[in-house]
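Counting from 1, position 178 in the sequence shown corresponds to residue 178 in the numbering used here; the numbering is continuous, with no gaps.
If you're looking for bench data, these hints aren't it; they were derived computationally from the structure.
Where hints are given, some of them may not hold.
Here are the simulated EDC-like pairs of lysine to aspartate or glutamate, each with C-alpha atoms no more than 20 Å apart in a straight line [as the list claims (entries may be wrong)]:
(1) Lys-242 <-> Asp-323
(2) Lys-217 <-> Asp-202
(3) Lys-262 <-> Asp-19
(4) Lys-98 <-> Glu-137
Computed spacing ranges between beta-carbons, pair by pair [stated by the list, open to error]:
(5) Pro-308 <-> Asn-53: 54 to 60 Å
(6) Asn-28 <-> Asn-310: 44 to 50 Å
(7) Gln-26 <-> Pro-288: 48 to 54 Å
(8) Lys-89 <-> Gly-216: 21 to 27 Å
(9) Gln-26 <-> Val-105: 24 to 30 Å
(10) Gly-216 <-> Asp-117: 39 to 45 Å
The beta-carbon is built from N, C-alpha and C at its ideal position, and this holds for glycine as well.
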Amino acid sequence: VRIKPSNPTKATVHFFYGDTDNRDSQPNGMFQGIADISDRNATGGLLWALGDNRRTLGVLAGNVSTSGFQETGYYELDSLLNLVKKEDKKTIGYIRDKVSIPKNVVTVDEASVLVIDDKDRRWRLPMGSEDFREKTENGAMRICREVATERDLFNCSGTFFELPAENADGFAKIRPVSSHNMQIHDYASYRGLFVLTGIQSDYSGDSGHIIQSADGKAKIWAGTIDDLWKLGKPVGVGGPWKNTQVKANQPSDPYLIGFYDKKSIKISNHSNETVTYKIEVEPIGHGPWMTYKDVTLKGGEDYNYNFPENFQSRWIRLVANKDVKASAWLEYK
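Take these sequences, add in the hints, and give me the full structure.
Put into structure tokens, the structure is as follows:
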């Protein structure tokens with residue numbers, strides 16, 4: 001493909017290739033037994049692939065509840081997928097100190113998930129069920145982990161994302177993989193498997209993907225990274241503004257819109273004045289921003305818009321021409 005202009009000009013030509021996502025929102029049966037985000041208790045565990053040629057996966061098991069994570073014992077998963085209880089104070093101490101789940105990695109406000117990256121860039125992501133909010137903020141669920149070379153998984157507010165390395169522009173090129181309502185405590189890779197914890201406390205089924213210790217106090221799910229595409233298509237709600245005091249001509253934070261289906265936006269003017277809102281989109285992740293649509297609203301008016309099926313952009317943001325209190329709410333179904 002090449003472009004031949006009729007006159008000298010300065011231009012940008014960008015091709016985007018996509019496909020129709022025919023997945024539904026229901027998880028594949030292989031995920032049966034993983035705790036729901038609304039469950040008050042789950043069997044969790046911190047995961048760490050052990051070095052020194054030990055070739056096992058360390059699992060510091062415990063109960064996950066509203067009061068936090070309470071350890072119940074240390075186990076190791078071997079190459080035959082046996083989950084065996086061990087006594088190893090040194091490894092337990094290492095996992096407890098170095099592999100614990102950090103708190104306050106992201107901020108979940110009334111509008112959306114806010115991430116500030118290592119370059120101090122601000123990004124906003126869609127939210128899932130309200131039940132994710134508390135567990136996300138108090139460190140009850142792993143947010144990010146490298147699961148393959150230069151391939152991080154970012155699990156936040158009910159969606160798994162592929163997160164490129166910083167040298168590949170990081171969050172600017174983040175991509176949703178699947179959405180879920182599961183209380184996933186931790187996840188890691190081991191011998192080509194994708195392993196996660198956060199299993200129903202009373203689970204006693206015969207799933208081929210759930211491995212339990214002999215005493216029943218440690219439980220993990222094992223599959224492959226690509227199985228995550230079978231969790232359900234990406235969905236979510238949120239936006240850059242919700243009842244926000246907006247400054248004139250100051251762009252909102254970028255909000256992720258790429259790779260979602262059935263996208264809609266509602267802009268609400270909470271002032272008594274007529275305000276023009278510029279909807280800007282950014283299709284490639286590193287600029288430039290382009291004007292998609294100008295919307296003028298009288299005081300108290302709302303604007304509802306369904307994006308066409310062929311609309312494609314990675315990020316979206318809004319700019320108001322006056323100081324105003326406004327909301328910009330997007331739904332992806």
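Hint check results:
Between the alpha carbons of Lys-242 and Asp-323 the distance comes to roughly 15 Å, so the proposed pair stays at or under 20 Å and holds. Restraint check for Lys-217 and Asp-202: satisfied, since their Cα atoms lie roughly 10 Å apart, inside the 20 Å limit. A C-alpha spacing of about 14 Å is found between Lys-262 and Asp-19, which places the hinted pair at or below 20 Å, so the restraint holds. Using a Cα cut-off of 20 Å, the hinted pair Lys-98 and Glu-137 holds, with the two alpha carbons roughly 19 Å apart.
A beta carbon spacing of about 56 Å between Pro-308 and Asn-53 agrees with the range 54 to 60 Å that was offered as a hint. The hinted window of 44 to 50 Å between Asn-28 and Asn-310 is violated, with their beta carbons roughly 29 Å apart. At about 39 Å, the beta-carbon gap between Gln-26 and Pro-288 misses the expected band of 48 to 54 Å. For Lys-89 and Gly-216, the hinted distance range of 21 to 27 Å is satisfied, since their beta carbons lie about 23 Å from each other.
Taking the beta carbon of each, Gln-26 and Val-105 are about 29 Å apart, inside 24 to 30 Å as hinted. Checking the proposed 39 to 45 Å range against Gly-216 and Asp-117 shows it holds: the Cβ atoms sit about 41 Å from each other.
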